[in-house]
Amino acid sequence: MQNKRTGFGTPELLFALSVGILLVVVAFPMLLIFFNAFWVDGHFNVADVVKVLQRKETYQALLNSLFLSGGVTVTGTIVGTFFAWLVTRTDLPFKKTMKLLFLVPFMLPAFIGALAWKMLLSPRAGYINRFFMDVLGFDNPIFDIYTYAGIILVETMYLFPFVFIQVSGALERMDPTLEESARISGADLFTITRKITIPLVLPSILSGALLIMLYSMAHFGTVAVLGVETGIYNIPVLIYEKIHQSAGSFDSIRTATVLATVLVITAALIMWTQNRVLAKGKYQIIAGKSFRPTELKLRGLRIPLFAFCVLYIAFTIILPTATIFLVGGLKTYGLPFDMENLTWANYHHILFEWDLTRDSIWNSITLGLASALITMFAGVIVSYVIVKMKVKGKGILEFLGMLPFSVPGSVIALGVILAWSGKFGISIYNTVWIILVAYIARYMAFSLKANSAALEQVHDSLVEAARASGATMAQALKDVVIPLVRPGMVAAFFLIFLPALRELTVSVLLYGPTTRTIGVAIYTLNEDGETVYSAALAGIALIIIVVGEVLIKRLVTSKNGA
Amino acid sequence: MANIEIRNVSKGYGGRAVLSNLSLELNDGECFTLLGPSGCGKTVLTRLIAGFEAPDAGTILIGGNIVADAATGDSLPTDKRGLGMVFQDYAVWPHMTVFDNIAYPLKIAGIDAEALKRRTLESIEMVGLKNLEERLPSQLSGGQQQRVALARALVHEPGILLLDEPLNNLDANLREEMRFEIKALQQKLGVTILYVTHDQEIALGIADRIAIMDADGRIRQIGTPEEVYEKSVDDYVFRFLGIANLLPVRRRNDDLFLGDTGEAWTGETPATTGDRFTAGFRPSDVILAREGEGLPGIIRRASFLGAQIDYLIDIAGTLIRATLPSHEGVARDLMFVENDPCRIHLASVQWFPGDIVVTNRV
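As you go down the protein sequences, you meet chains H and W in turn. The numbering of the first sequence is the working numbering, which starts it at 148 and goes up by one. The numbering of the second sequence is the working numbering, which starts it at 3 and goes up by one.
One chain only, chain W, in its complex shape (with noise of 0.2 Å):
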């Protein structure tokens, strides 16, 4: 069992609280995704399973066993935790080859030459770097080192793999296929996995479960990754996790207006009671039409992107965006150009009690 707990964890800096009374469990075999903006002490939280910090306060298990105990004082150190680990920058070791570096762990964990030659030599073709073995990390691009410090933290069959931001530094080709490397290694090989990253596009892609943390080190939600981008907790949720279009509705005398405009809402209506919401739903939720029924705007940017068109839209003096496939609209002449009039529906809304504050004002 190489679960993870986290029991009512607290770290500050130098009187500056970074996690408060933060618990958070991981299940055995699982991706788990932390995703948060940076400084939000995600970071800091792989540190403290990892055991290169100490907490504050709190308790931390890997497997059902206490490896840091801020009452007690005690805590494991890091090489007695069984984990792999990959850093943001890599940490191949650049006086090693391929081979050395991956070989490390279990020449510490003093398996005989010939298994470790195997071993390392199959966590070399795992990771698409046979060949490469004598190579110094000098000799090889970004991808490949990623590579080499991802068979490193794997080789020796740990029941977890921390990675933290270990895609930031790639270019967006090679990052999509490392993620799904990443994800397949991880079912091939059942280990648990604690992803840390401020990309939701990759959080998504790879998790089993998301928690997403605020700038204040909370957890504002907790979910697989279709619960927490179709219901979204809260506005700061659904903001993190993508592009957010976002529109004042108000209730007068059971009829529903887009904001304090006389115009009246066509989409979805509220589940909840109450006279002041937000509207929330993305670019690819808006469904455009030249005229008809429909909340009326007025196109203020029109970029065609190849397989896409993305509009900025004025809708009563909020600008939102909506995209739809260039085929769409040529098919159904709707290929605007600033300042022409439209009408919009929304294939799907989620809702937020109260006024949110909407930055993108006209």
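Here chain H stands alone, though its shape is the one from the complex (with noise of 0.2 Å):
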């Protein structure tokens, strides 16, 4: 009957396992893209990591990374304030309406967005410059989308809600008191505003700001997309070139390493700062429970900024979808949009007819699906040594499961490249499950702060009530702890499901012949010039990808109502 203390038990199990799994999909990848970088010949070396600093393309990488994800940072934040502001702080009509609307652009996928712009606004073929200069018979086109503005224009349009969420997030949930007071003691609003409102959401502001630039610092798509006729490339770009056009070459895929490294760095600077401005931001302030705040009249400006609204929504929204599903039903690219020149075969053709795409379906529906069911397993698991095991050494299970958080997708890819490639005895390269290693390690960190969340709302008591009825420690976490932190495994499912239908970073990088993910297939079509089939495509993963929104959204309101 009598247990020793020093035995094997599940405790011991599953902090093993723990390790184990993030030893092998996190850590070591990781570990041998700083490998490959410094060490050369079996020695320790900066010089040459200077000299391919040094070079003119990584230079300018870096250089456009910086500026297009600073650019970014700036419109996006002005952008998502601006907004955040007009729907919790204004009588604008229709504001909670206008609040989801707002949020719409975070569901589409910033490349597919780019893919329509690029056919909206590209110099000489882009429909609108076209219409300028046909009908109105302009001489230039009026706007060049393969230019950094426009690369900044698009990724501002899909990133601007981490700073609205977060801002409008903040504003709502202020304590009215503390404007109120302000106004007692004989303040007007705009020195309310001033003083103690902006003050007050500025940590929001800046967190919302850093999240955009770690976005946008290892996006992939939109560059790719827009930037390939005028040579714009930032780090992910110059990466997926690097492995691509050189074959595997030991020099590309150091200069690669190099650039991952540098990449991996900067997002570590971005989350640190991150972390100092939240942790600055604590005020007591921002109570838990919803209230109406003090509305300013916007008066003669009530109509004209509704329609601004109105009218940003439908030209970043509606018009861009629109496009998509419009040129994806023309017979030729280039055609004008008449009854005549739109047919179904396109869509037909690539749901039902053509392996590539039809494969692509399958396979982002299936990578979805694996990678979600077996990260939200996995990080149970990871999370509950974390937030409920007393063992040595979970400090650092919990910086290597959060770690894929801040590093970019391309790293993850070029470290799961170099460790399962055949060098260490296992060869899954150009197959479907190198992607899934991949998956899994990218969005651990999602399972983990999901399932955190979830656990430290199970308190310790519970489980100790649960052993002091009598239930073994596996009956315990059976019977109470499971049951407890299903809705966080849910929520969890569904962070990473969603995300990897729409992967392109990641997946483009580690794809095969017969492994395209639907970002591949939609990229690749692009690239080939197969833009009619490539738009017919996004028309459909826009289809899936709305449709999965929807149905998570009831599924989960749903659980939580019962």
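Quick caveat, the hints were computed from the structure, so don't treat them as lab data. The C-beta atom is built at its ideal place from N, Cα and C for all residues, glycine as well. Don't take each hint at face value.
Derived contacts from chain H toward chain W, CB cut-off under 8 Å, selection only [claimed, not checked]:
hint	residue
1	207
2	211
3	270
4	611
5	612
6	614
7	615
8	616
9	618
10	627
11	629
Using 16 Å as the maximum straight-line C-alpha spacing, the simulated EDC-like pairs for lysine to aspartate or glutamate come out as follows [stated by the list, open to error]:
hint	chain 1	residue 1	chain 2	residue 2
12	W	119	W	159
13	H	625	W	102
14	H	478	H	677
15	H	625	W	81
16	W	82	H	611
17	W	233	W	287
18	W	190	W	210
19	W	82	W	102
20	W	132	W	102
21	H	535	W	159
22	H	535	H	611
23	W	119	W	102
24	H	537	W	55
25	W	190	W	287
26	H	535	H	607
Take the two lone chains, each set in its own frame, and fit them into one complex as the hints suggest.
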């Protein structure tokens, strides 16, 4: 009956499993990147790293990444903060609906947006430019999307919700008495906004801005689609080119690992700054409950601002989406949108006839399901160890688990290539498995976040009460812990499944002839000049994504309501 | 037999000793209260008995069987110790109904469905939750959740019930009611109870025996409630058990004086020899008069509290508290106002040797 304390029981097993999962999936590939970057011919070598960085193309990629992400951060923050303020603090009509609409860009993959904008604003063939030149008689295109400004504009449209969500959330939860007491003290609304409101939401603005920067820095699709014509590239695009065009030569892999290292360091700096900002911003002022804040009367500006919002949404959501579907239906790219030029044949072809596109849809769905399921379960185990167990070294687990959150997708993909293309006895390169492994690493942090949050709610005494009732540790886990973290697991599943469906950055580095994902298929079709099929597939992807989002929202809300 | 023996147990965290060489014995069927300030290690002791922690040194026995022995590293898992436990935060499982919560220990024990249902319903009725079986904990008040926790801890008829500050989060009325109910249940079921609290009123009200612990995890006194209250071994215990008045008393040439003043001490005399003492007494031990014999004092604050009047009195530079029933105050013309002079006698005094630093000096 007596158990030795030193035995190998459930806790030790869980711990060993967690360490194993994170070591194999996360730590090993990451270490290989640094190893390959700094270790040449058995020597630690920094001089070579500097040499690689001094090359024109690496240097340029770095500058471009900084410039583009910096630009997107500034514009995205301004746009996001402005709209957040409009929908929370003014008497704008239909505020609730507007708020939901401003979140829609989050659902749409940026590279599909980039594709649409290319069709609309490419200097020669873009529909808008042609309309101005052919119909209105302009001499030059009104806007060239193949520029830094174009790329920044498109990324802003799809990334501003990061700031919008953070700021509108903070504005909604802010304790109204803080502003009311300023009012009573005799301050006017302008002074209150300047002296009270803005300082209080500043941490949220900054934290959202850093998320935009982190995302934009690591973003492949938009730059790849819009920059290719004029030779604008950022670090992820250069990594992609190095890996794809140099057929795995040592020098190109090394360059890629150095680039990846730069990316990781930059991302780490951003994350570090964000943690600092959040730690500083933990005022008590942000109470948990909702309330009705003082609304600014827009008066004469009410209707113009409303019209502006509607136009913005029409321009950034409806116009590109409609373009994708219409171009996807064209008999040949470049024809005007007349009924006689439109056909269902393209959609029929990519859905039922063409193996390449059919495979890509199947691949994305199965990869999404598999990675979501595996990562969900692995995430529960690891977060249980991190949150609940008193073991030495769990700080390392936490660090390893959250690492991919700040590590850009292209870096993860590169690490996975280094680890699993045969050098260490396992070769899954060019198979669907290598993408699965990369997805698991990429999305582990999502699962850990959702599951840890759920586990934090499960107070230790709930488990102890089960033990005191006569339940063994395993029974307590089954009867108490698992049922209570199930909502967190469900959340984790969808947090992974939906992004995995539309993933491009990772899979574009890992795909083989038969293992294209939807994202890869859209991207490569576009590269090959199959613009019409690319648009049609993008249209189908949008339908799958939107249907998925809606179904899941339903499911989650009905679960929570029960 | 479900007595508990704790033999020379030590436990520390990160180099800080919480309990050192502690021994204690709980008799079968008694309600034993562990009273001490927060952080004194009383919760650690219950967790050691429950088996959530293992002792660094010493042995713990339940019903004569060793359940934890630091020397061999043996530790019987919690689920094999035959306990019931009620936690400070109730620890009622939020995803189970009242019925499922209370039935859980029986389900784990593999009781057949019919007996399970009957015993669970009995327990539910015993704690007064009839007709609430299908509710979820989120639909219950704090007091009702507390009852669920209590029923769950008792449903499988454990030999020992561990209660860790179970009434802390309840309001005063409910706390009193639950206290009586726990006591009644214990007498009915004959279970051995270890009740951990920092609230002396609950401790005195519920216990057959009390152990008073100090902040260093040492047990200062063990005894019945009357013993520890009336015959506190030292001023720490005396002060912990209620509002304490302390006055310095000096013996000079066989005469007793109040502190270093020339005022003669008029009350009881200490039984021991020595020339420095501290007299301890409760506010209710003070007998007030307008004039006459007794120690002279000045009323510094008078608070009328309804049934009682509470005075803060300055006795030669030391502040003491005194209470008397309002009707008596009115009948005997003892309704003082601030700065009135008065005289006091003491109905009973506990003597502590030496000087005790009295903080409430004027």
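These are the hints, each one checked on the structure:
{"no.": "1", "hint": "207", "result": "violated (53 Å)"}
{"no.": "2", "hint": "211", "result": "violated (51 Å)"}
{"no.": "3", "hint": "270", "result": "violated (60 Å)"}
{"no.": "4", "hint": "611", "result": "holds (6 Å)"}
{"no.": "5", "hint": "612", "result": "holds (4 Å)"}
{"no.": "6", "hint": "614", "result": "holds (4 Å)"}
{"no.": "7", "hint": "615", "result": "holds (4 Å)"}
{"no.": "8", "hint": "616", "result": "holds (4 Å)"}
{"no.": "9", "hint": "618", "result": "holds (5 Å)"}
{"no.": "10", "hint": "627", "result": "holds (6 Å)"}
{"no.": "11", "hint": "629", "result": "violated (10 Å)"}
{"no.": "12", "hint": "W:119 to W:159", "result": "holds (15 Å)"}
{"no.": "13", "hint": "H:625 to W:102", "result": "holds (15 Å)"}
{"no.": "14", "hint": "H:478 to H:677", "result": "holds (11 Å)"}
{"no.": "15", "hint": "H:625 to W:81", "result": "holds (15 Å)"}
{"no.": "16", "hint": "W:82 to H:611", "result": "holds (13 Å)"}
{"no.": "17", "hint": "W:233 to W:287", "result": "holds (14 Å)"}
{"no.": "18", "hint": "W:190 to W:210", "result": "holds (15 Å)"}
{"no.": "19", "hint": "W:82 to W:102", "result": "violated (21 Å)"}
{"no.": "20", "hint": "W:132 to W:102", "result": "holds (14 Å)"}
{"no.": "21", "hint": "H:535 to W:159", "result": "violated (30 Å)"}
{"no.": "22", "hint": "H:535 to H:611", "result": "holds (12 Å)"}
{"no.": "23", "hint": "W:119 to W:102", "result": "holds (10 Å)"}
{"no.": "24", "hint": "H:537 to W:55", "result": "holds (12 Å)"}
{"no.": "25", "hint": "W:190 to W:287", "result": "violated (36 Å)"}
{"no.": "26", "hint": "H:535 to H:607", "result": "holds (8 Å)"}
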